[in-house]
Amino acid sequence: ADVHVAACKIGLIPDMACLLVISGVLRENPGIPVVLDPVLASGAGTELAGNRLIAGFMEHLMPWVTLITPNSIEARRLSGAHRLDNCGMELLAQGCQAVLITGTHESDQCVINRLYQKDAAVIESSWPRLQASFHGSGCTLAASAAAYIARGFSLAAAVDKALEYTWASLSHGDQLGKGQLLPDRLFTWRRHNESD
12 ADVHVAACKI GLIPDMACLL VISGVLRENP GIPVVLDPVL ASGAGTELAG
62 NRLIAGFMEH LMPWVTLITP NSIEARRLSG AHRLDNCGME LLAQGCQAVL
112 ITGTHESDQC VINRLYQKDA AVIESSWPRL QASFHGSGCT LAASAAAYIA
162 RGFSLAAAVD KALEYTWASL SHGDQLGKGQ LLPDRLFTWR RHNESD
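First residue of the sequence shown: 12, per my numbering; consecutive thereafter.
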């Protein structure tokens with residue numbers, strides 16, 4: 012190939028055939044950092060991944076994944092555990108290097124995110140809870156984590172920077188019509204250019 016891939020982000024996987032193609036590409040290109048956003052349901056709650064596809068995630072993708080970024084609902088469904096610490100440990104046991112469980116679906120006053128890594132202490136970060144509903148927050152987080160990893164940041168630093176970027180994008184979100192707010196992913200770029 013004439014282009015070096017510094018990192019890859021995987022989002023919604025619609026079916027087993029697509030999952031197997033992705034798995035094949037990852038097997039043929041070992042060493043590329045992979046961030047997986049395991050989209051299991053739509054924002055409205057419609058199930059997008061059945062048990063067969065979830066089993067496929069575990070068998071065919073997790074050994075290649077650098078970082079998986081489930082929300083707490085997805086973490087429980089993927090791992091079969093209830094306590095988030097158990098979810099994190101179970102997902103690590105499936106072969107990935109790190110698990111970032113986001114706390115947006117929990118009832119805590121603040122959003123508490125937890126980063127689990129093999130042979131490392133759990134890193135918790137707390138963020139003010141935004142009172143709106145968003146479409147694209149998980150995609151923004153996973154894509155920005157992949158971008159920071161591609162830029163050479165350590166995994167923990169990439170996650171920290173991605174959480175900061177995502178929160179800023181959400182806090183400046185735009186509402187189109189009557190739907191959920193969309194992250195303003197260019198907010199930091201505009202802010203930077205306005206200060207010049």
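Hints listed in this document are in silico derivations from the structure and should not be mistaken for laboratory results.
Errors might be hidden in some of the hints.
Claimed, not checked - Quick list of in silico lysine to any residue cross-link-like pairs, SDA-like style, CA-CA up to 20 Å: (1) K172 - C121; (2) K172 - T115; (3) K129 - A179; (4) K129 - L103; (5) K129 - F164; (6) K172 - W138; (7) K129 - C150; (8) K172 - S118; (9) K172 - A161; (10) K129 - W178; (11) K129 - Q142; (12) K172 - M100; (13) K129 - E175; (14) K172 - I134; (15) K172 - R202; (16) K129 - F198; (17) K172 - Q128; (18) K129 - T115.
To be verified - Cβ pair distances, simulated, as ranges: (19) V32 - G61: 30 to 40 Å; (20) R202 - M100: 19 to 29 Å; (21) G91 - G163: 30 to 40 Å; (22) H93 - V16: 19 to 29 Å; (23) A167 - V16: 21 to 31 Å; (24) G106 - A132: 15 to 25 Å; (25) E70 - W200: 11 to 21 Å.
Ideal Cβ placement from N, Cα and C applies to all residues, glycine included.
Evaluation of the provided hints:
no.	hint	result
1	K172 - C121	holds, 18 Å
2	K172 - T115	holds, 18 Å
3	K129 - A179	violated, 29 Å
4	K129 - L103	holds, 7 Å
5	K129 - F164	holds, 18 Å
6	K172 - W138	holds, 13 Å
7	K129 - C150	violated, 24 Å
8	K172 - S118	violated, 24 Å
9	K172 - A161	holds, 13 Å
10	K129 - W178	violated, 26 Å
11	K129 - Q142	violated, 34 Å
12	K172 - M100	violated, 23 Å
13	K129 - E175	violated, 23 Å
14	K172 - I134	holds, 14 Å
15	K172 - R202	holds, 17 Å
16	K129 - F198	violated, 34 Å
17	K172 - Q128	holds, 17 Å
18	K129 - T115	violated, 24 Å
19	V32 - G61: 30 to 40 Å	violated, 18 Å
20	R202 - M100: 19 to 29 Å	violated, 39 Å
21	G91 - G163: 30 to 40 Å	holds, 35 Å
22	H93 - V16: 19 to 29 Å	violated, 37 Å
23	A167 - V16: 21 to 31 Å	holds, 22 Å
24	G106 - A132: 15 to 25 Å	holds, 21 Å
25	E70 - W200: 11 to 21 Å	violated, 39 Å
Checked against the numbered hints given earlier, this structure breaks hints 3, 7, 8, 10, 11, 12, 13, 16, 18, 19, 20, 22 and 25; the rest are met.
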